[in-house]
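J.: Chain residues, written in single-letter form:
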Amino acid sequence: MSTDFKEDIKNILAQTGNSKSDVIPILQAIQNRYNFLPEEALREVCSATEITPENITGVASFYSQFRMQPAGEHIIKVCVGTACHVKGSGLVHDAFRRELDLNDGEDTDKDRKYTIEKVACLGCCTLAPVVQVDNVTYGHVSTDQTAGIIKDFEKHRLSKKKKLFRTGSGKEIEGEIRIGLGSCCVASGSDEIRQVVEEVVSKNDLQVKLKHVGCVGMCHQVPLVEIVQTNQESILYAKVIPDDVRSIVERHFQPKGLLPRLARRVTKIAENILDDRNWEGIEKYSLDVREKPVSSFLGRQVPIATEHRGGINPLDIEEYIDKGGFLALKRVLKEMNPQEVIDLVKDSGMRGRGGAGFPTGLKWEMVANQTGSPKYLICNGDEGDPGAFMDRMILESYPYRVIEGILIAAYAIGADIGYFYMRAEYPLAVSRISQALEVCREKGYIGNNILGSSFSIDLRMYQGAGAFVCGEETALIASIEGNRGFPRLRPPFPAEKGLWGAPTLVNNTETFSQIPFILRNGADRFNAIGTETSRGTKVFALAGKVARGGLIEVPMGITIREIVEEIGGGVAEGHTFKAVQIGGPSGGCIPASLADTPVDFESLGEVGAMMGSGGLVVLDERDCMVDIARYFLSFTQNESCGKCTFCRVGTKRMLDILDRLCEGKGKKGDLEELEKLSSWVKKGSLCGLGQTAPNPVQTTMRYFREEYEAHLNGVCPTGRCSALIKYSVDDRCIGCTLCAQKCPVDAIPFTPHEQHVINTDICIKCDSCRQVCPVDSIRVG
Amino acid sequence: MEKVKIKINNSTLDVPAGLTVYQAASNAGIYIPVMCENEDVDHFASCMVCLVKDAANGKLFPSCSTHVYEGMELITADEEVLEARKISLELLLSEHVGDCEAPCVTSCPAHMDIPLMNRLLANGQTAEALEVVKNDIALPAVLGRICPAPCESACRRKGIDGAVSICLLKRNSADEDLKQDEPYMPAIQKDTGKSIAIIGAGPAGLAAAYYLRIRGHKVTIYEKESRAGGDLRVPELKDKLPEEVLNQEIDRIINTGVNCKCGVSVDKKLFDALMEESDAVVLAIGAGTEHIDWGVKRVFKGFEVSKRGYQSSNPKVFAVGSAIRASKLAVRAVGQGKEVAFSVDQFLAGEKVIGEPKVFNSRFGKLSEREHIEFLKEATADLRVEPAEGLGAGLSSDEVKQEAARCMHCDCRKKDSCTLRDLSDDYEADQRSFSADSRVETEKHIQHEAIIYEPAKCIKCGICVRLTRKHKEEFGLTFIGRGFDVRIGVPFNESLSKGLTKTALLVAEACPTGALSKK
Ligand SMILES: Cc1cc2nc3c(=O)[nH]c(=O)nc-3n(C[C@H](O)[C@H](O)[C@H](O)COP(=O)(O)O)c2cc1C
Ligand code: SF4
Ligand code: SF4
Ligand code: SF4
Ligand code: SF4
Ligand code: SF4
Ligand code: FES
Ligand code: FES
Ligand code: FES
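As you go down the protein sequences, you meet chains E and L in turn.
Each residue of the first sequence is one higher than the last, beginning at 1 in our numbering.
Each residue of the second sequence is one higher than the last, beginning at 1001 in our numbering.
If you are wondering where the hints come from, they were derived from the structure by calculation, not from laboratory data.
C-beta atoms are modelled at their ideal positions from N, C-alpha and C, and glycine is treated no differently.
Be a bit skeptical, because a hint or two may be false.
Some, not all, of what chain L presents toward chain E, calculated at C-beta under 8 Å [unchecked claim]:
id, residue
1, Y1031
2, P1033
3, A1056
4, L1060
5, S1094
6, K1269
7, F1271
8, H1471
9, F1479
10, G1481
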């Protein structure tokens, strides 16, 4: 059948190009065509192009997106992002593996129908734990729902109307309605509101979750109703009166039984809900953000990257322009020379939002001062932190703002070509940006002689292929060049020798998205926000055990406590605040006792954490810090490119120790060895991945050493580490047999009307029994 | 050519711009170790043993991949830098699955190069094999009859289908030599003018005499009995060890030019005289030292000596064999006789007495079942040969070939030229410093006609990948996978022969470890 491949590859190459730098797009196209990478196809590429077998094999096996074996018909993606991890996604993953009857090392079931994959953050952390089967997303999944999910998927797979968000029991999830039930709210009549909401919801058979949140600190605006539509930003309504409830709810959620056409109209209106001009009915109740401080959730926030959040149609360029979009670009092109732009950005105090906080203006100046030509610009949209999705949200929601920022930068440094480097798992962002680029090209914002000036630039899209390390700028460049994503030593920095050896500016997506604001409002407006050394705002993905998670944009210098308590509404469900993990796999855990630490580059560094990409996960007293450290380290270990010894072997040895601790097999001297490894991996690693990978371990060891010592003695104080706990049934058991029926390994004999007993030798600690027990009589400890 | 000024360890150098720090330092004679660096290909910065310190900010960086710039200041060997290198080696060793020396060798008290002997014997090179034997064992025909063979207990093949018959093989090579009219005579070094007195002509004393004589010293043995041999002449050994063999083999030693004074009982007076006229004295007087009061410190087992150096409380006096600790194991005494020759030499040269230099040795545990198959690739499948003519007669020359061919080549082919081993030795790296929970299984890829590939010894330095790329092999070698599990392999699972059509010897030579080695 080799003729087949010949033809296919010919067609693919016609689309992708056939030079070495096209190797990743070529592989992506081959995988699209065959659902894996058949060896014959790769050989065919080698014979039809200059690409060598060494190169194509090296690249194909580096990126996790590529499979060398055919996958099943459907892909089950279990999110093991941070928020899902702390809500137990590991157990869910195991449960699916059991359901599909997979042996070690297998990921596809016998019928080749389903392939299971772990993914990091599907971007709907509020529904954690989340599982995606093809394009259907199931939220709040528990271990006993795996069979149900597969059945539900099978059932709906063939039906035309796809409900894309469902609970594990197959019910659709449309979102969440949060009603403030703090004392002021109740006093203002929120309980009455709650009743009406419940009524409306049940009458319309809406699949929304009602959630009661505590005082959100905007007591003069009560009662408050917050609507969170799945996969969208939340919208807060203030001073709600019972009569409004019906219209608010119906505008956001589609009642059953409406004619599809009508339903679509309702949805359309809902989409524009914060656009005051378009829709009047409820406007007076929607929060006016300018009237500060109106709410803690929004009021403490300062939208710059997320300006007009929720109120702007991502792809409507006219709307963007109406709201001041491209004003900055016009001014720059007409009134400023490149050096003036650079000076202004320098004056603003802007520092890169990609993690390290390098002064943006300085970086631009370095590239501008290079004499080489061509010059390149790269927008880093690789965002690999498993608990963060700010860049994705910015790219999806504000594509024009990012493009405008890029164009300004390109003008300042004299770039000839710009690239969007986008994470593979972000298809929506890719399509939004592609469309936005198309529109910009038509309107003359991209291309030759932009807006009639002498400035020209072309912007291109490049999709990553699944490698966290490719967020690192030198690895990213290697990957665009068609190589394995090995970072290289800096200096030389990309500013001097970047893409194909030419001067290259690499900035983070969020960095670019703040640029138009700075140019439009002046350096002073921007540097008035934040602290002495960290100016402006930072976007965070707030998740974990807070009442209200989501994307937030806050001024630098805000304290962790303010974020958790005032914006996040405190720790959820009456538990106690233990720590925050900030900065993802490069960051650290900051204990509640240091909650008054301001969030800026320096202060976070002092307590051992890092701004990182902007993941912010709140942990409560049920979270095991050793488990958290292991979680992040296993992520970085798995993502290490494997180039340098300290990171490749060092992180593995660290993980060995953490695995031992979590399994109760710790040895004397393990903690000292872990400390020694941590400090050497930091000191000896070649790139930022290895240099920061020990941070989660070091901070948890620093602030929660007693938990490590307990593990060394075989005890997990929080009962999270499954090897260190036992399941049992206490005397509240009513003998209903539900647990016995649910147990996947028959560890519970079927004894109706009697107290059940768990055979701990057989028990695999899947947690199913606890979840199903109606009287909460399963003990874990 | 443009020059820049840099400072290395506080001395200022003018070096051509464009050099790496490693190159600049090397040119100036400043040593920096490297492993993944190879002058024929671009640098890669993987192994991290070349770390040096930026004096300006205290940061460590790989010198092989950093270019010099004006005003650069660096430190190439402070405590932290040295420790960093050691740690990088220890990390590599923690995942290194290879034995430098075969387990039989490490458990032989005389550290004889058993696999090399086996290979020579399998190839019919008996005389060459004997030379290898005699490098470490002065009395092989004797030991070949009486040694309990700890080497065979450690033999990797023991767990498969019976140890290689090492002891009989060694004996055969020695017996063959005893039959020769012109037997093997070691090269004797130039006369040093030093004279050494050895007291006692048992296995330890004889061995010491042999190896000291080879080094060009004037050696005299004092033996209280009428004949040399000491404990080797006890009646229990008569059956196993024919007197004729013992006499012949002792003669071989004496014939190198050793002066053996038998029937001389050394007392305090004679001892003092020997101390006076000799440059060093070796006590090999066997067990029963309780009544000797020559001013040499004793502990309850025997004379007190330095570990490995065999130096007594009197720096000029050395002690070996049962005189330091009673043992029935003649091979131990013979081994110590060899080692003390190193010590005496070091003493005479005024160096620190450390005995036979101990070299770093990578080791890994038992073979798994699957590894049996890998290791058997290098050996014949036959069962252990038992001598047809009985134990007394030993192996016939056909039997020798057949048995020696069972040896699986457990030692590393790069043991004498492996950078990882050399550096681990230099930096005193400890393979067990970082504990690994599991190890990869060894594999031996032997299909290629010229080279062998053993992935478990690979440090992922990528030199081979860069070389095959540079020389435009059609397939070459490539990295497969990433992170800890990355491997080196031929694309598309092609054979090594297809991967390495013209660069096989080149990569085997360039590989810093035994991962790729010449056959
Ligand atoms: C392991 C690793 C992952 C990274 N991932 C990202 C990323 O996803 N997005 C990003 O913008 N920068 C990432 N960076 C930082 C980039 O290397 C680079 O510093 C950044 O894109 C520069 O942009 P800025 O100056 O705007 O912050 C990462 C760095 C490391 C070491
Ligand atoms: S630190 Fe880790 S990710 Fe970075 S180069 Fe080294 S091995 Fe690769
Ligand atoms: S007894 Fe154990 S295995 Fe059975 S359901 Fe409960 S936790 Fe799972
Ligand atoms: S590769 Fe080097 S360190 Fe490893 S076994 Fe061989 S000689 Fe020893
Ligand atoms: S097989 Fe050969 S090299 Fe291996 S242990 Fe036995 S004798 Fe030694
Ligand atoms: S096999 Fe290749 S990568 Fe491995 S150590 Fe040898 S040269 Fe380096
Ligand atoms: S959706 Fe699972 S962590 Fe975000
Ligand atoms: S990193 Fe410099 S020699 Fe290996
Ligand atoms: S133990 Fe080495 S020869 Fe017997």
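J.: Next, verify each hint and record whether it holds.
T.: Right, here's what the structure says about each hint:
no., hint, in the structure
1, Y1031, "violated (19 Å)"
2, P1033, "violated (13 Å)"
3, A1056, "violated (13 Å)"
4, L1060, "holds (6 Å)"
5, S1094, "holds (6 Å)"
6, K1269, "violated (56 Å)"
7, F1271, "violated (49 Å)"
8, H1471, "violated (11 Å)"
9, F1479, "holds (5 Å)"
10, G1481, "holds (5 Å)"
When each numbered hint is compared with the structure, violations occur for hints 1, 2, 3, 6, 7 and 8.
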